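Heads up: the protein sequence lines correspond to chains A, B, C and D, in order. This note's numbering applies: residue 1 is where the first sequence begins, and numbers increase by one. This note's numbering applies: residue 1 is where the second sequence begins, and numbers increase by one. This note's numbering applies: residue 1 is where the third sequence begins, and numbers increase by one. This note's numbering applies: residue 1 is where the fourth sequence begins, and numbers increase by one.
Everything labelled a hint here was simulated from the structure, so no lab data went into it. None of these values were measured; they are calculated from a predicted model. Hints are not guaranteed to be accurate.
Reference listing, derived: stretches of chain C covered by chain B, where coverage requires no fewer than 3 residues with Cβ under 8 Å from a Cβ of chain B [unchecked claim]: (1) 127 to 135; (2) 224 to 230; (3) 236 to 242.
Just a sample of chain C residues kept apart from chain A, beta carbon distances all over 12 Å, derived [as the list claims (entries may be wrong)]: (4) VAL22; (5) ASP110; (6) ALA220; (7) GLN281.
Even glycine gets a Cβ: it sits at the ideal position worked out from N, Cα and C.
Number of protein chains: 4
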Amino acid sequence: MNFASDNASPVPQQVLDVLARVNSGAAASYGADDVTAEVADRVRALFEAPGAAVYLVATGTAANSLSLATLCAPFQTIFCSEHAHIHEDECNAPEFYTGGAKLTLVRGGDVMTPEALRTAILGEGNRGVHGPQRGPVSITNVTEGGNVYALSDIGALCAVAREYGLPVHLDGARFANACVKLGCTPAEMTWKAGVDIAVFGGTKNGLMDAEAVVIFDPEAPASSGFTRAQEFELRVKRAGHLYSKHRYVAAQMLAYLEDDLWRDLAQQANDRCETLARGLQDMGLEIVNKTRANMLFFRAPLRAHKAAQAAGAVYALWGNPPEKADEPALARLVCNWSTTEAEITEFLKVMRAAL
Amino acid sequence: MNFASDNASPVPQQVLDVLARVNSGAAASYGADDVTAEVADRVRALFEAPGAAVYLVATGTAANSLSLATLCAPFQTIFCSEHAHIHEDECNAPEFYTGGAKLTLVRGGDVMTPEALRTAILGEGNRGVHGPQRGPVSITNVTEGGNVYALSDIGALCAVAREYGLPVHLDGARFANACVKLGCTPAEMTWKAGVDIAVFGGTKNGLMDAEAVVIFDPEAPASSGFTRAQEFELRVKRAGHLYSKHRYVAAQMLAYLEDDLWRDLAQQANDRCETLARGLQDMGLEIVNKTRANMLFFRAPLRAHKAAQAAGAVYALWGNPPEKADEPALARLVCNWSTTEAEITEFLKVMRAAL
Amino acid sequence: MNFASDNASPVPQQVLDVLARVNSGAAASYGADDVTAEVADRVRALFEAPGAAVYLVATGTAANSLSLATLCAPFQTIFCSEHAHIHEDECNAPEFYTGGAKLTLVRGGDVMTPEALRTAILGEGNRGVHGPQRGPVSITNVTEGGNVYALSDIGALCAVAREYGLPVHLDGARFANACVKLGCTPAEMTWKAGVDIAVFGGTKNGLMDAEAVVIFDPEAPASSGFTRAQEFELRVKRAGHLYSKHRYVAAQMLAYLEDDLWRDLAQQANDRCETLARGLQDMGLEIVNKTRANMLFFRAPLRAHKAAQAAGAVYALWGNPPEKADEPALARLVCNWSTTEAEITEFLKVMRAAL
Amino acid sequence: MNFASDNASPVPQQVLDVLARVNSGAAASYGADDVTAEVADRVRALFEAPGAAVYLVATGTAANSLSLATLCAPFQTIFCSEHAHIHEDECNAPEFYTGGAKLTLVRGGDVMTPEALRTAILGEGNRGVHGPQRGPVSITNVTEGGNVYALSDIGALCAVAREYGLPVHLDGARFANACVKLGCTPAEMTWKAGVDIAVFGGTKNGLMDAEAVVIFDPEAPASSGFTRAQEFELRVKRAGHLYSKHRYVAAQMLAYLEDDLWRDLAQQANDRCETLARGLQDMGLEIVNKTRANMLFFRAPLRAHKAAQAAGAVYALWGNPPEKADEPALARLVCNWSTTEAEITEFLKVMRAAL
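Required output: the full structure, derived from the provided sequences and hints.
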């Protein structure tokens, strides 16, 4: 009954199998090996983007920060939601990687609207050299609050960015969960909607530690005047994120791509979350995020949470808890590929008893 | 016949076995899991340093840069050899991580002498606020040029550093190879000689991607005024080097430590290198690095190298090659844990034929 | 009729006189001269802080950023108001100088309340290594919105900071205007209220380009582990803000301190502003900032502003102007030491005619 | 008898006169004033560069670092001499401003030869993403060692830079002294020889604190992808080097340009230095720098230096002094615009007595 995070999950056997498969003989280091080349080709095919540059790094923070640094000069500002992971949970990594750029928070909480984004953009970049200059827009799908942007939402946000000549970064730590939920292709969720650099996350959805960064126009100028591909490669190395024995990070991503494993894992997590949501709603509990993939936020009396946790349910309360035991408290439940129906059933039983 | 790099090697079966062993059920993320705790305990025991803080990162560049940033303020300078990896092969990573510190090269090529280190220290930090302030000394063992510092060498370098109140970092990408060669304990090669932060490298010696950073005095003040342990943890996260599914990087290190696997792997690589060295010397070829572990630099006529490479030997020429085919050219050969006697025999046969 | 900015003003004759007075013979460079020593002594006396370290830089942005970098590690966050100059008008200078720290905006617009500051502090520093760590609190007096914090306000904000162990920076670009308005001593407005580093601004109040930074506890540890005084000196040099012919920046500050010139200049500017405020209120116009020093924000129909500007009044509209000529538009008027009664009279005449 | 530094000198009366002249009425702030515009026009005319962008900052360190940051991405390296001011005397300012670039020292001491520069360039930028990428070449004229590059020297260094596509920065802290010595035009010493950005220093040659940065191709791409002019302006503001009351820094430069004051001041300093050199040579003392402008390095027995200093001569010994009083010690003498014939005569008398 662990709903604490998709990071708590193990990895499917297929990942270990491919690790074993690639583990023989010598291989060229630093990404010049065959496995890496195959993965890049497969990602390009998956995204219907034959000209894209594809890179693998091991963490979402690295993937996001390196992407943003490639798009954002130190005297610019990044537009993101008030609860974006890059703002709240990366210990100033974007500021570090960009060399001191700013993050401008688009007001309105977890989900950005095109109007709020426009207001934020209008509020910056209009004071000559005195204020920061406008930089990239960063969208997260699934959001930190568990919401899924529709394709039309992404398109509308990208359209606002384009209007002001700003590039778009997609934080896709839960890319697969969003994509499966939307029933769309990776291309539709990214470059067809106007995204310039996308993170195709693998770690939260079953890999050990592998995220693919897809740069759709690698020849476009980056924040340093180099091309985006050149600058990304240099920044990866300079940050210590270029793996010498690169075949092992590539092997994970290969397993993820073979037989659409990534879709199956995400579908499983989303399905479990849906079961969970229905169960909680049946008890009359409020679910806060209306659109969902594999994560839900719900309210229950504080004492119910305490009872459920005492009974073995592992999950986190969110925000500041109330003072009294009877007051409603917000909590987050995350399902992952390995969450079982039995765990859901048990959790719902425990929660019903706790109420 | 691949002698290009220890990074080209596969991983021993034990590593895959431990990965499989830890791969069940949920585990706390970001290093709060049991495997990570066990590894930290084992590293502390191995280094006879019960008070040390132990962290795992995936690359040597990250391990070095994070360690140096913890010891070096932006207005200080790091003392290292002219051919240190941190200077030549990390694309300005130390400058990035420290926020713009300098590297002061200790003259004399690959190996630092205490006298040359002292001269370098005297040359900095004596111009008030105008020059950079003196910062940490960084020693590499095995060096980039394939030399092994004796324990007395390390002690003498650390003594000079101490005289000026400077902390010492040990780049141990090939820690095991040096340690086995010296027949000493990890403690003797580090804190007993005066080292403050050591990198206990795993990747080049058989792991997929895992390096342990050992901070011997975690409560000492770091370059930010936080303690070294606190600052290291914050810098790791801020750089995107904190792995969410941390048990998998820990599992690799666990395999490395169990049954002293790290020693066996290094011994194997060093032994093969010794066989190789004797074979080349028997042909009358000059070996440049007198002390050695698993890496040797030797000279042969350029045409001999070309012939050997054409016959399937994979290795790199070093420095600028000569113009004429008969002139001697420097080359590097690296053995790793998986190098076989058969490969050595074949290579020597090929080289003899090529001469 | 120039009310655009206090930066538009000339300098009083006393400043030129002292420049001429110090301009003979050789003087030690980089601040080792007698004029600089005298100024430091006088500032210490003025602030009743015999142990303080005093430094001179030429711009408010430099003074603020260097102070904040001395108090804030790269993985921390600075708490400031939503409209702080350090956030809106310094082109990411604090992010640059701190090496990538964050600014956390205290909600509520121009003026911080202790409650809002506490809420902001509680919202950060509580996510372990994932979020930024809590760093300094930055207060501005006079605020960007023209408001003057009372001594009790500053004390209350500092008390909240202290409760969480956070140091306090005071942006005093208009220090003199606030101090005169409050009728207090510099000591009361700073260290007696709990401020750790104060900027005693001179430029906006009549100097060419000189700001004094007063570090009340120079031996306290800075963000680098050096003392605050050492680190400030190193950061000043490293940023190119250490003037070689330092006597000339010191001479300006000397003129400012002699015969309390700083108070007279500020009093003059504040008095003019009061006359202006009364005149506008007499016309029934709304003045937005209730507490004031030398700057006021008022609303008038857009067409009235346009007419006044056409008649020669120089000042800026603030925020986004309305679409229709009859709608009220916000504008800022700044008085400085050289503003004359005649200018005020003329402006009020022009504005009355324009309404 | 102060020969310690040209920074020790006062300013000529003309500077104070122009400060007084511009000191009336309101003026637009942040460089939008008429004086600044006039200065920019005059600098463009002086350099025969009608398309150049011209900026004023207050220190040489700022001028150099901002120029280099405009030309150098964080993952590149700057080529300069072993004793360049940017390397030895700016407390890591170039590393700070560039966001962590490296400085590659061109071997050979104070003066770079084209061959040594080429060797340094060949030694970098050839390790793919592992080493730093090649960045700008920085030339200093007059050098820190008091040598003057001939026009053909500058041209030859720029030719090597061009061969590898690298831009060139000229540190002209003593630009006027070199230019007068060479009897050339500012254009010949800069863009006609191949320089991309030049610092036209004023402070060491008589101003209070003013340096002009001349960007010859302001539309060329900078290290951020912005144009060089845009990026320089943003970096100036972000570093706190944009003066609000800009007319006063401009007034200094205006005085410098009127009636070729800059030439007269430099000629005076150079002439005095020549007299000094002849006098020392007549005593049989060795002058180390063969080409000279206003600065000379000479050797005399340590006891002679001590005696001369005891007799009131102010100047610095250079490098590590010898242990015995009879051994020769290196010293630096700097003449400035205000150095008198009487001072020279007295110094020579004192030194002769001391020998």
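Consistency of the hints with the structure:
Chain B is given as covering the segment 127 to 135 of chain C, and this holds because 3 residues of the stretch bring a CB closer than 8 Å to a CB of that chain, at least three being needed. By the rule of at least three residues with a Cβ nearer than 8 Å to a Cβ of chain B, the coverage given for the segment 224 to 230 of chain C holds, with 3 such residues. Check on the segment 236 to 242 of chain C: 4 of its residues sit with their Cβ under 8 Å from a Cβ of chain B, so the three-residue criterion for coverage holds. Listed as outside the interface, VAL22/C is consistent with that label: its C-beta sits roughly 33 Å from the nearest C-beta of chain A, beyond the 12 Å cut-off.
For ASP110/C, the non-interface assignment is confirmed: its Cβ lies about 15 Å from the closest Cβ of chain A, beyond the 12 Å cut-off. With a closest Cβ-Cβ approach of about 23 Å to chain A, ALA220/C is found to remain outside the 12 Å limit, as its non-interface label requires. The beta carbon of GLN281/C is kept farther than 12 Å from every beta carbon of chain A, the shortest such distance being approximately 30 Å.
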